[in-house]
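There are 2 protein chains.
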Amino acid sequence: MDTLIFNAKIITMDNEETVIDHGYIRFNHTEIVTIRSGDPSAQEKEATSVINANGKWLMPGLVNTHGHPGMSLLRGINDDQPLQDWLEQSIWPNERQFDSQTLKVARDISMIEMIESGTTSFVDMYHLGLPAFAEEIEKVGLRATLMRSVIGLCSKEEQDEKLAESLAFATSYRGAGNGRIQTMLAPHAPYTCPPDYIERIVEAARNEHLPVHMHLAETRKEIHDYMDQHGMHPLELLEERRLLEGTDWLFAHCVHMYEQHFELIQKHGAMISHNPMSNLKLGSGVAQVASMLKHDIPVSLGTDSVASNNHLDLFEQMRFAVLLQRGVNEQADLVTTYEGLQMATVNGAKALFQKNVGALVEGYEADFIMLSPHQAHFLPEENLVSHLVFSAKGTDVTDMYVQGKPLYENKSFTTMDKEKVLFEAKRHIQTKKG
Amino acid sequence: MDTLIFNAKIITMDNEETVIDHGYIRFNHTEIVTIRSGDPSAQEKEATSVINANGKWLMPGLVNTHGHPGMSLLRGINDDQPLQDWLEQSIWPNERQFDSQTLKVARDISMIEMIESGTTSFVDMYHLGLPAFAEEIEKVGLRATLMRSVIGLCSKEEQDEKLAESLAFATSYRGAGNGRIQTMLAPHAPYTCPPDYIERIVEAARNEHLPVHMHLAETRKEIHDYMDQHGMHPLELLEERRLLEGTDWLFAHCVHMYEQHFELIQKHGAMISHNPMSNLKLGSGVAQVASMLKHDIPVSLGTDSVASNNHLDLFEQMRFAVLLQRGVNEQADLVTTYEGLQMATVNGAKALFQKNVGALVEGYEADFIMLSPHQAHFLPEENLVSHLVFSAKGTDVTDMYVQGKPLYENKSFTTMDKEKVLFEAKRHIQTKKG
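Line by line, the protein sequences are chains A and B.
By the count of the numbering used here, the first sequence reaches residue 444 at its end, each step adding exactly one.
By the count of the numbering used here, the second sequence reaches residue 444 at its end, each step adding exactly one.
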């Protein structure tokens, strides 16, 4: 049976940038059937489950293209350390204590946070416990792109073992959950994976038609060290070895990259996940998003883990992405409001090489959220696109549907038990401390 | 009768940076009587109104040291214009249409936003309708520092008239609302007030023991033009004319200032309101907050108006203030988490030259807020200071007290009618359009 939601303001994010002031959306168990201005006819209202949106704002679900949800319990660990000390003294020793319950609890918290703040689709790049997470996500109903990331600073045998594990996970789970779960391969970074290993991973990805995700050019030091060792920027090395072509790349961060690199990215149709808050907090710098957009690269947004952010609200991430470019370049009309909204929606879908999500268009999958317009910070209501980018918070989200199924209705979870998740998380934290 | 709130985590922001893991606060109709760790005795619970905080986080109310609440209805007006066009084509023509109802509605919306997001004390620098606003604030119960700002690009007679109006307002209303309302004088900016006029205003302020608030060094162009005209930076001109000494100055923005200027600021005990989001959005740049803090300047935070921000949530402002310094200077340990919290609380009180607010200390006025810790984005709960700076949202605020009086209890307004304010605002917007 179809569902019909009427009396909504609809921000479609379609190619014509259509905003429907008063309209309705009808969808079946997966995809959007009708999306129109005005009121539905009596006939359309028959044979469907009918919901009055009462003027809520309805828009595509947000897409988070880089993160590590398994690290949630490291939120707020020694935020004031310089980067290397923070990793060596705070993050890594803690990660070594993780067990399967730590991961489950951390990922449940992340899913609660994402649903509450409007993220319908997210990336998990991590080295631990991916199959269990995939099965959990299937139950919860979110859309996710998962990968077992690999670090290659080890013997050839170990490298091969890790790659085999990544491939086995990627090929077994892609398409799970009625297609909501997709997979990638993921060499961790150029400075943790020797070029030959990256080459083997890319070949495997090509054979299996899998995209590849990698951290790239996050810090200045990393680039300096790489230039010392290899005589060129890591992206240039990928180009020299012909690893960019014929491969669906998604690079995270891309802070220390310049015009010639954006030309390479554009030429090969590679994608970028911009993580502005993490890049600021870890002292990495400010990625040149305005230049990326000038090169027609559909920049998308990632939160990174909450150890370096420290929350998963993509509305705020959007705001940082737009405002940083204007401030750092001292130009008030650089990166438009609408481009901000695109980064968090349609561009996110493009970054994950998904063709039928990220916008509200007939035939696309029904992934969307609703926000309550009844807020002091949303006045005057007519400027709603501006408010979504410059004033909205995750907490304004009241409803979420993924593939036509409700996960969040009037701020109530339908597939998760928030109280139980918080209780289990607190108990686990106590147990670990005790 | 005193009020006692127990079973709270208390972030005092006192000089010892005390955080009480489980404690209580007792206050009378204005000030804090007791603040302690542990549970109150049976005797302490007698003769008081007793509230169980159920583990909520209790902290000083946030202080917004620069804003223009009367401009709320301009939120989201043509966000993508370059600064000068935006002012000339969007802001000023709209402001000329303002009537007393526009101002009332706009300021009511601002107060709703501030109470909902934890701001107990704010600045209004504006040229219209201050007396009516002062009377409204008295009823609502917030703490405010108000001033009729003046632009001096006019005849001497007009200048004198404006100054007289400012002085009359400042001297009549200071101390109103049981001392909650304070006043300042406010030359708009060095580029809109000739040096002689600023001098007359400063003299008047000295005579009446009033502080002086002014926009300073917001854009690069403004400084270039000023150097062309006067041969020096506007702060240097104030120093040359001996206008910094013996005056309580609060400068907003201070984006284009360097080491020698921070030395002058420090020498004369002047205060700074840092407005990171507005400075980014208008393409003004990034103020050198890390350098200001190294000069022991107690940097405070302002939102500026929602036409250039576009919301009044100081938690997010705090995050921008800390993260920007780390990212732009590429140093992860620059500006500590705790300094972020100080900027929004104790430093705000210092910026307004108020000695008994901004921290929770016995004898200080009872201005505080409570936040619900029961949030996925606040786990693990032990890192609460980190969460307040890097993860909290205004919407986590559940309660607000100003001078011992509740303005917001479990997310309900006690002195304002939110539904009515939103209704009146929407009606006014419709009327103006029609």
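I should point out that these hints are in silico values taken from the structure, not numbers from a laboratory.
Check before you lean on any hint, since a few could be wrong.
Simulated pairs of lysine-lysine, DSSO-like, Cα-Cα distance not exceeding 30 Å [what the hints assert, rightly or not]:
1) K443/A with K365/A
2) K19/B with K436/A
3) K421/A with K365/B
4) K19/A with K428/B
5) K430/A with K443/A
Because the structure is a prediction, the values reported are computed rather than measured.
*State the violated hints by number, sorted upward, taking the hints as numbered earlier in the document.*
Hints 1 and 3 contradicted; others consistent.
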